[in-house]
Amino acid sequence: MIINLKHISSDQNRHAMLSNKDSVAIVISYSGEEQEIKRIVNYIKQKEGTVIAVTSINDSYLRKIQIIV
0 MIINLKHISS DQNRHAMLSN KDSVAIVISY SGEEQEIKRI VNYIKQKEGT VIAVTSINDS
60 YLRKIQIIV
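In numbering that gives the first Met the number 0, the protein residues as written are 0 to 68.
Rather than coming from a laboratory, the hints here were simulated on the basis of the structure.
All C-beta atoms in this analysis are idealised placements derived from N, C-alpha and C, irrespective of residue type, glycine included.
Some hints could be false.
[Unchecked claim] In silico lysine-lysine, DSBU-like type, Cα no more than 35 Å apart, as pairs:
#1 Lys20 to Lys63
#2 Lys63 to Lys37
#3 Lys20 to Lys44
#4 Lys20 to Lys46
#5 Lys63 to Lys46
#6 Lys63 to Lys44
#7 Lys37 to Lys20
[To be verified] Quick list of the computed label-pair ranges, beta carbon to beta carbon:
#8 Asn57 to Arg13: 27 to 35 Å
#9 Glu47 to Arg13: 29 to 37 Å
#10 Leu17 to Asn57: 26 to 34 Å
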């Protein structure tokens, strides 16, 4: 699953809610602080999915919660 940060559609939210331990999400965000991104990442983490994150801000929420940098 790849989440396009320019436009987060209901399909991407649905995919996140249906994720499982075999799911991998690649999330790219400059700030890593967008509320929609936080919600999607939390869904994936609750289902024990893997989050691969790319962000520019070292102290961002996304950087703190990711598994793979």
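query: Which of the listed hints are not met by the structure?
result: 9
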